[in-house]
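*Asks:* Spelled out, the chains give:
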Amino acid sequence: MYIYDAFDRTLVNERVADFRDQVARRLAGELTEEEFKPLRLMNGVYLQLHAYMLRIAIPYGTLSSRQLRMLAHVARKYDRGYGHFTTRQNIQFHWIKLAELPNAMAELASVGMHGMQTSGNCVRNITTDQWAGVAPDEIEDPRIWAELIRQHVTLHPEFSFMPRKFKIAVGTAVHDRAALRIHDLALRMHCNEAGERGFEVMVGGGLGRTPFLAQTIKPFLATRDVLSYVEAVLRTYNQFGRRDNMWKARIKILVHELGAEAFAKEVEAEWQAIRDGALVLDDATIKDIASRFKYPRYERLADNSPEFAQARKTDQRFDAWVSNCVNNHKVPGYAIVTLSLKPEGGTPGDATDVQMDAIADLADRYSFGEVRVGHEQNLVLPHVAQRDLPALWRALDPLGVALPNINSIADIISCPGLDYCSLANARSIPIAQEISRRFKNLDLQRDLGRLHVNISGCINACGHHHVGHIGILGVEKNGEEFYQITLGGKADEHARLGDLIGPAVPYAQVADVVEDIAAAYLELRERPDELFIDTLKRTGIEPFRERVYAAR
Amino acid sequence: MTSPLDQKKIKVTGPVVVTANRTRDGAVIYRCADGWTTNLGDAAIVTDAAGAQALMSAAAADDLGAIGPYVAPVQLLPGGQVRPGNLRERIRVGGPTIALPIAAAKVLEKHRVQA
Amino acid sequence: MPLVENGKIVEDRFVRIGADDPIPDRVPVIVPAARFLAEADALTARDGSLGVAWPNNRRVAELKPWLGHLTLIALEFPKFRDGRAYSQARLLREQYGFRGTLRATGDVLRDQFQFLTRAGFDSFEVRKPADAAAFAKSVARYSVVYQPGADGSLPALRRRLQRAGAASVPKES
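In the order they appear, the protein sequences are chains A, B and C.
Residues in the first sequence are numbered consecutively from 1417, following this note's numbering.
Residues in the second sequence are numbered consecutively from 226, following this note's numbering.
Residues in the third sequence are numbered consecutively from 446, following this note's numbering.
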């Protein structure tokens, strides 16, 4: 993982001092809320229904155990003993007091953490695959590129007051685990015919009121040109993105209104003027950043040893956990372990301080001190030796994070919704809880297979419902909570927006509807291993629609 | 509940209060005669747009103490008690409708008792 | 509104001219964009420093033919959240080579001073007197920056490489 140096630490500390001054001026009446609001947003401080919310950046989802312990400490000292991992690989605390924020931020800064640019009309957390650096199918570690861009866009003088927020994702693997095409800007590494590595640049993705998938504006960008090209995209957006209407201000609208080709031309013209300037990424610079990423000293271990096979045979629950939560690692003898933050009847993505501390300890013991956060709101221990898996599992199980429900219908992705969020129209968490209760049976989960349920409490789509296999969107009708259901969305390299299946259903019926959809799938599938999403593609939504609305 | 933060023109069709969040800690507060209260039962209740506008002006003027004031409906019960008038306001009074993680629930309770 | 240049509050020697006002000789003037374009030949031939007030929704490339004649360009922040003029400033400074005074006008607040300076502004019509007085302190709030800036600040990437001559092992943060 990336090691901060004196420069990085200084910046974060100066940011804390800056914010402390701004909070003091606010509380002394020298700054109005109108003046203060953009400043606090740029530190990730939102106002929610009950309290302020602090969103802390977890750059590309990588955490050290030391940082995770500090998050636990902040949860205990400044919040209500828990935190919420988000769909952008960040963490949120929902009960923060403004007056205490500077102190909380100072403590976070001591381990290199901050809330910089987790909100506001600037470039947000740059996300990537939670298996970065250890995935067998990646070309190289995407986090190096994410870090190069992250530094470049942090407190960027030109791009801190853009028309709207700007989300960037980087991917280098064959399988897209970073949901690239729903981002404002996505970089997908691949090799050209000469075997050189470069990036496909895609622009204009985003969910919300007018969802779009990103379009390719440059099929192959040389790595040396990454920063200058990103600069050209941001400059074009900053100048020509709409500022007259908040709902039309994202770059996706600009790309849509100009057309991808015209937009690409505009960017190209700007880029040509700067491509050989100060932003060229020469080898020395790339090497320097890459050198600050520390990798474990892996041992030479046997892959799938007889002992490991025996352990699986002996204990059925352990075996079920391995089958579901453990994935192949780049390095033989090692494994990638996913920790489910989706307990039965629980809030997706929440973790208590006790859990965070315990996971930090386990990371030290079994994962070279490193943890990852995925946009699916689960955690990952990325460097676990296979021989340690039995002991790890025995430690994870009592923490409640070893449920083998990853990628199942119970692995629900959900925004906080109206229980917390002032933007929401409806609650999302109780819907998730009820669905997880209905589908708590592990055999049923396994039988249904990979089935992504995404829930958003409002059109801002923080739950990414548009790209869920089953998408659930909360709306308000005459003061009551109703939910639109979409089917067939996908977030991966075959990204697709889901289709609405019919009129919104009331709160009390949503879990029933999901049960109907699941039942329909079981009846319609051609074979037990035909996935829900593939059955749906084959049959279309009509049979599902019929089933859901037959009695409604 | 559609965010009332986008309210432009005040329309009053029943009893309403003005509510906001306290600047220093984000706590839910209600406009009353001489300032703010955390207790809905002590809030100033009005029944027409002029009254609501007056409360809003006073609230907006207190930029130091309160942020994001808006008009919220209430329900008046026969016995004189005041209840929040919609789900959003019920959640603001009662907290999230879901069980918080156990440790968190204990802390929340402690804060409630103190407040 | 106090004017800040070189870290201090100064008198504004420029006079703002409206669309129909007479233009005095030998007085530095700032002329609105439309008028400037319509009367460019006369204005550039005139005796006296010339400035133009350029809106933030027009490309500054239109000014390229006259940059040599302009002493000052005033760019606009209708609200401080509207950051288009940052791009305009950088284009003028870094791509079109403008060497004159770049003035930030409109909703110019203390918390943007360092951004403005690094984008190339060197003259500031500051909305609040207290902010103007705090300019010197505010503009140096961050000693580490990640991007090249017009104020000559070296980005951290470059400083690191310079330092890396001393081949130090990065310490755990």
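Do not take every clue at face value.
[Said to hold, decoys possible] Derived DSS-like pairs: lysine-lysine, alpha-carbon spacing no greater than 30 Å straight-line:
no., chain 1, residue 1, chain 2, residue 2
1, C, LYS524, A, LYS1664
2, A, LYS1856, A, LYS1729
3, B, LYS234, C, LYS453
4, C, LYS509, A, LYS1453
5, A, LYS1513, A, LYS1453
6, C, LYS573, C, LYS524
7, C, LYS573, A, LYS1513
8, A, LYS1710, A, LYS1681
9, A, LYS1453, C, LYS524
10, C, LYS453, C, LYS524
11, C, LYS509, A, LYS1513
It should be emphasised that the hints constitute simulated quantities derived from the structure, not laboratory data.
Being a predicted model, the structure only gives us computed values, none of them experimental.
*Asks:* Are the Cα positions of LYS1453/A and LYS524/C separated by 30 Å at most?
*Replies:* holds, 13 Å
*Asks:* Given the hinted pair LYS524/C and LYS1664/A, is their alpha-carbon gap at most 30 Å?
*Replies:* Roughly 18 Å between the alpha carbons, so the hint for LYS524/C and LYS1664/A holds.
*Asks:* Does the structure keep LYS1856/A and LYS1729/A at a Cα separation of 30 Å or less?
*Replies:* Cα-Cα ~24 Å, so holds.
*Asks:* Straight-line Cα separation of LYS509/C and LYS1453/A no greater than 30 Å?
*Replies:* violated, 37 Å
*Asks:* When you check the alpha-carbon spacing of LYS234/B and LYS453/C, does it fall within 30 Å?
*Replies:* violated, 44 Å
*Asks:* Within 30 Å, alpha carbon to alpha carbon, are LYS453/C and LYS524/C?
*Replies:* holds, 23 Å
*Asks:* Going straight from one Cα to the other, do LYS509/C and LYS1513/A come out at no more than 30 Å?
*Replies:* violated, 51 Å
*Asks:* Is LYS1513/A close enough to LYS1453/A, meaning Cα to Cα at most 30 Å?
*Replies:* Given pair LYS1513/A, LYS1453/A holds - Cα atoms ~15 Å apart, limit 30 Å.
*Asks:* Regarding the pair LYS573/C and LYS1513/A, is the alpha-carbon distance no greater than 30 Å?
*Replies:* Within the cut-off at roughly 28 Å; holds.
*Asks:* Has the given pair, LYS1710/A with LYS1681/A, been kept, meaning a C-alpha gap of at most 30 Å?
*Replies:* Not satisfied, since the Cα-Cα distance of roughly 39 Å exceeds 30 Å.
*Asks:* Straight-line Cα separation of LYS573/C and LYS524/C no greater than 30 Å?
*Replies:* Satisfied, since the Cα-Cα distance of roughly 14 Å is no more than 30 Å.
Checked against the numbered hints given earlier, this structure breaks hints 3, 4, 8, 11; the rest are met.
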